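2 protein chains.
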Amino acid sequence: MPQIRLALAQVNPCVGDLAGNVDRVLAGARDAHGAGARLVAFPEMVLTGYPVEDLALRPSFQAASRQALDSLAARLVEEGLGSLVVVVGYLDVIDDGHDRLGRPRGGPQNAAAVVTGGRVVARYAKHHLPNYGVFDEFRYFVPGASTTVVRVDGVDVAIAICEDLWQDGGPVAQVRDTGAGLLVVINGSPYERNKDDVRLELCARRAREAGCPLAYVNMVGGQDELVFDGDSLVVGADGALVARAPQFEESLLVVDLDLPMADPTTSASTAAIGFPLPAYTPEPPSVAPRLSDDAEVWQALVVGLRDYVGKNGFRSVTLGLSGGIDSAVVAAIACDALGADNVHGVSLPSVYSSDHSRGDAADMAERTGLHYRTVEIAPMVDAFQGRLHLSGLAEENLQARVRGTTLMAISNAEGHLVLATGNKSELSVGYSTIYGDAVGGYAPIKDVPKVDVWALARWRNEHALERGETPPIPPSSIDKPPSAELRPGQLDSDSLPDYAVLDDLLDDYVENDRGAAELVADGFDQALVERVLRLTDVAEYKRRQYPPGTKISSKGFGRDRRLPVTNRWRETVPDQD
Amino acid sequence: MPQIRLALAQVNPCVGDLAGNVDRVLAGARDAHGAGARLVAFPEMVLTGYPVEDLALRPSFQAASRQALDSLAARLVEEGLGSLVVVVGYLDVIDDGHDRLGRPRGGPQNAAAVVTGGRVVARYAKHHLPNYGVFDEFRYFVPGASTTVVRVDGVDVAIAICEDLWQDGGPVAQVRDTGAGLLVVINGSPYERNKDDVRLELCARRAREAGCPLAYVNMVGGQDELVFDGDSLVVGADGALVARAPQFEESLLVVDLDLPMADPTTSASTAAIGFPLPAYTPEPPSVAPRLSDDAEVWQALVVGLRDYVGKNGFRSVTLGLSGGIDSAVVAAIACDALGADNVHGVSLPSVYSSDHSRGDAADMAERTGLHYRTVEIAPMVDAFQGRLHLSGLAEENLQARVRGTTLMAISNAEGHLVLATGNKSELSVGYSTIYGDAVGGYAPIKDVPKVDVWALARWRNEHALERGETPPIPPSSIDKPPSAELRPGQLDSDSLPDYAVLDDLLDDYVENDRGAAELVADGFDQALVERVLRLTDVAEYKRRQYPPGTKISSKGFGRDRRLPVTNRWRETVPDQD
Chain A
1 MPQIRLALAQ VNPCVGDLAG NVDRVLAGAR DAHGAGARLV AFPEMVLTGY PVEDLALRPS
61 FQAASRQALD SLAARLVEEG LGSLVVVVGY LDVIDDGHDR LGRPRGGPQN AAAVVTGGRV
121 VARYAKHHLP NYGVFDEFRY FVPGASTTVV RVDGVDVAIA ICEDLWQDGG PVAQVRDTGA
181 GLLVVINGSP YERNKDDVRL ELCARRAREA GCPLAYVNMV GGQDELVFDG DSLVVGADGA
241 LVARAPQFEE SLLVVDLDLP MADPTTSAST AAIGFPLPAY TPEPPSVAPR LSDDAEVWQA
301 LVVGLRDYVG KNGFRSVTLG LSGGIDSAVV AAIACDALGA DNVHGVSLPS VYSSDHSRGD
361 AADMAERTGL HYRTVEIAPM VDAFQGRLHL SGLAEENLQA RVRGTTLMAI SNAEGHLVLA
421 TGNKSELSVG YSTIYGDAVG GYAPIKDVPK VDVWALARWR NEHALERGET PPIPPSSIDK
481 PPSAELRPGQ LDSDSLPDYA VLDDLLDDYV ENDRGAAELV ADGFDQALVE RVLRLTDVAE
541 YKRRQYPPGT KISSKGFGRD RRLPVTNRWR ETVPDQD
Chain B
1 MPQIRLALAQ VNPCVGDLAG NVDRVLAGAR DAHGAGARLV AFPEMVLTGY PVEDLALRPS
61 FQAASRQALD SLAARLVEEG LGSLVVVVGY LDVIDDGHDR LGRPRGGPQN AAAVVTGGRV
121 VARYAKHHLP NYGVFDEFRY FVPGASTTVV RVDGVDVAIA ICEDLWQDGG PVAQVRDTGA
181 GLLVVINGSP YERNKDDVRL ELCARRAREA GCPLAYVNMV GGQDELVFDG DSLVVGADGA
241 LVARAPQFEE SLLVVDLDLP MADPTTSAST AAIGFPLPAY TPEPPSVAPR LSDDAEVWQA
301 LVVGLRDYVG KNGFRSVTLG LSGGIDSAVV AAIACDALGA DNVHGVSLPS VYSSDHSRGD
361 AADMAERTGL HYRTVEIAPM VDAFQGRLHL SGLAEENLQA RVRGTTLMAI SNAEGHLVLA
421 TGNKSELSVG YSTIYGDAVG GYAPIKDVPK VDVWALARWR NEHALERGET PPIPPSSIDK
481 PPSAELRPGQ LDSDSLPDYA VLDDLLDDYV ENDRGAAELV ADGFDQALVE RVLRLTDVAE
541 YKRRQYPPGT KISSKGFGRD RRLPVTNRWR ETVPDQD
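For the protein sequence lines, the chains are A and B, in the order given. For the first sequence, UniProt numbering gives the first residue as 1, with consecutive numbering after it. For the second sequence, UniProt numbering gives the first residue as 1, with consecutive numbering after it.
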């Protein structure tokens, strides 16, 4: 059987940075060539970054993507990499010269190119266009309909893109008919909790269906609220795992495969390159260890923040440090993502802030080494109150807004990105002040339920101890009862149910779309169900105004969940009669 | 030929208010019955409101929509309206009991029901699902595939929904084959400038293709950033206009039609109701006059604001009155939408505000009778500056944010919705302070270019004079050079090109997706093109944080245009070589 040394390059492209992405692909190709690989595959739409949203509809961007592909082909030759077979994702267009209602303008396609010898020798357009959750691909792309098989050194290699793999009866099912010896699937598959388990199982099943080994390459890095976790892998024709790349970091996975010789009496559907090689001794494949569930979420949050900050041209962040658990966890994520020297914590105490809270904020700074300052908000609050004489909720919100304005002023003056520190539980029920604690460019734990915020804090501290480091999060921030400290003696539990109950209920309502009657049937208290659902339904506008944040669940209150603001639908439990 | 008296009920449903929408349909049916109509048609998804976005995927909402339809059928009979033939849009589901990847959960369909005699006698599911611009229907609906023809008093009536009409070769093309005598199309077609002309021309063309008269019913009213303009109409088989309802207001359009007798040797595809009536004298059809272009846009903005405020449970609004043109126009729209007694203008002068500006703000209040107060911001700005010592842009932004916080405090204390007053030109290039002038629940002129803001102001004042009323907008607000007044002597022209040039350039770039090279070839100055495009590209985050506003163009910076925040694509003009 012919041998092929295959490389899967899980790289971190940046949306819109076509020149930079070409450089990233060239660097990966150089590494693959250095490792002796014959074929190197890069992720879905690596040349444009992914997802590009409405940029896909812009003619100048479509043209730029095709030019980037041509430029890549030429530069591979210039760098002496012309003999390598490179599979890259990019934005292509169908050149049939007409537009019609409902077809994306210009005929854009989510495409893969096979580049070798300075030329594009084969192209493939994605067949299955996901249009659910975070995906809008019917808006952007014209689906492909044909299969692509290239013969590399005597082995037929079929190409597919991401969703093609997930669809039953998709092009992967046709691969068996083509008799391909290897299926290469390029992906832009965003992280979700536990998705890595699903992904391996899926790849194994599809490899068995296709009757050949399957190589799966995914991108890494953050893009707005999405984070791509890599986790590239190769499974054999029997579905057994052969090799696996690490999660969340750039990596080149190199694998030697023994593959069936293509039938020499037939020709590949698209292109033939090279001849079978003399036998050589394969390198042993590597299987990177999996992260624990907590480590995986933490790493997603760190990478999501790091790339949002860096790809948007910031180097540092600022945030309010209240002494509470949310801001402590966000600060710890920021220190891991950017280094403590790029994190500027600001204590913004009011007359209602406890000494304990001030102490916890200072303790956080001391444990991590982040920059720390204190701005008392009383003078500004008093100046507003001298004119406005507010009380109740208006007064509580005023304090939060003075804090937001102060953080934005520091941001404008010093150039840091402001981080919002709200968690998913409070955003669900609208326990947040618009233009107050909702101020910021990014909200790292927006998709993390409160109970999980505590769990992550404990995990991060234990992880530090295991490595002989100082735990970053003050134990008192973890252990004390949560409070917004916007009035004397205020506790979250005055306004909200116990977070363990709330998070369970929200998970069933938000993630699983259970209705009120089902939730009551599941055992939740009826009054609680109706109250929490009402709070959640009316908080839509507030959530929309909240900054984006790394998505770790199936419904992260961003592009993945879309509700009208003007909406009088309220879940209720029908009367029993 | 049999006669049918047809009624088109252009009503204003509210998303999610299923009980209220059933009541609205019942009221329309009552009016149609009172007018002697045999058949009454209501808009697309009138029972749920439109668009419902992710509510379509919620099983409890799907069930509630079907229950609302059953309840409507029963109540029509209870009210003695059982003999009427009622066509209504609603959310249905395919009951095939399984979900699969990529198909919307539960199998929702954008459907029409024909209700008579207390029963649903026919159903139709929309074939063509728009998934561009503001539409996401591939995300939400399973397409229908069959035609629906009901025989009413001897006439075959075919049903279609909205996009079905726009697609060449869609179900409308099949209507000719069915030999239907009338095509009823129910719509949720949002307003865009000049769309009414396109709509009439389209209906005429499709009627000729179908070979029968076409009745087009559309909804009215605002839903988030969309406003539906009604404009229901009937055209004859020759495409000639027979009757037309007014724009932007609820209305029942009643038309007597002479229609061909269905072939008695065939049966209707779905249901047969009644028998041909004895001949009667038809009522003359009514054709409502069209609004002028300016009046049409003004009315769209008024209705969009009125319904956003009302449907979200507010009764009144507050806004900052700077004396400038933008806040004056927004205040005038608000007075027209809600009455001056529900509009609370706040002058928020700083040390940089001119006496002239204060005078213009007061003049606006006097002309319209809106509530007016002054809150000097100097004490609050000074309190921040005492701690933060800001200068430059940070100091300018601080003033805007103190104003935003003050307006939100008034909103929290008094219950008014805050209006943001930014126009499309300044939002395009990011000439706005996040959490400052961007504060608010709604932004009425978000989609109006600055040049059009002036034109609308002049039109509104002239319109007042024509009616013998006081022009609402101070002439000085229209005539003076625009300024943000955030530093001494500041003018918009210090930072931005002339608005006439800027608006032309933005229209070509944003609406028409022209690239930088094309814009320069069109005659725009290259340095200006590169500067404006860069400003526009990097302002994406600011625009996302801006409140929603009534969309009047094809790209209103809302659901209709979606770009990544993290995006390094910058339009440039390639070097000529």
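Incorrect hints may appear among the rest.
In silico SDA-like pairs for lysine to any residue, Cα to Cα no more than 25 Å straight-line [unchecked claim]:
#	chain 1	residue 1	chain 2	residue 2
1	B	K195	B	G179
2	B	K542	A	A539
3	A	K555	B	R561
4	A	K195	A	A539
5	B	K555	A	G133
Just the calculated beta-carbon pair ranges, DEER-fashion [stated by the list, open to error]:
#	chain 1	residue 1	chain 2	residue 2	range
6	B	E78	A	L535	44 to 54 Å
7	A	D494	B	S391	33 to 43 Å
8	A	Q67	B	A527	45 to 55 Å
Here are a few chain A residues that sit away from chain B, every Cβ distance over 12 Å (derived from the structure) [to be verified]:
#	residue
9	G34
10	S83
11	E249
12	P260
13	A362
14	L393
15	N412
16	E462
17	E540
Hints were generated in silico from the structure; no laboratory data involved. All values derive from a computational prediction rather than experimental measurement. For each residue, glycine too, the CB sits at the ideal point set by N, CA and C.
Comparing the hints with the structure gives:
no.: 1; hint: B:K195 / B:G179; verdict: violated (30 Å)
no.: 2; hint: B:K542 / A:A539; verdict: holds (21 Å)
no.: 3; hint: A:K555 / B:R561; verdict: holds (22 Å)
no.: 4; hint: A:K195 / A:A539; verdict: violated (29 Å)
no.: 5; hint: B:K555 / A:G133; verdict: holds (23 Å)
no.: 6; hint: B:E78 / A:L535: 44 to 54 Å; verdict: violated (36 Å)
no.: 7; hint: A:D494 / B:S391: 33 to 43 Å; verdict: holds (42 Å)
no.: 8; hint: A:Q67 / B:A527: 45 to 55 Å; verdict: violated (24 Å)
no.: 9; hint: G34; verdict: holds (28 Å)
no.: 10; hint: S83; verdict: holds (31 Å)
no.: 11; hint: E249; verdict: holds (19 Å)
no.: 12; hint: P260; verdict: holds (30 Å)
no.: 13; hint: A362; verdict: holds (18 Å)
no.: 14; hint: L393; verdict: violated (6 Å)
no.: 15; hint: N412; verdict: violated (4 Å)
no.: 16; hint: E462; verdict: holds (32 Å)
no.: 17; hint: E540; verdict: violated (10 Å)
Going through the hint list in order, the structure does not satisfy hints 1, 4, 6, 8, 14, 15 and 17.
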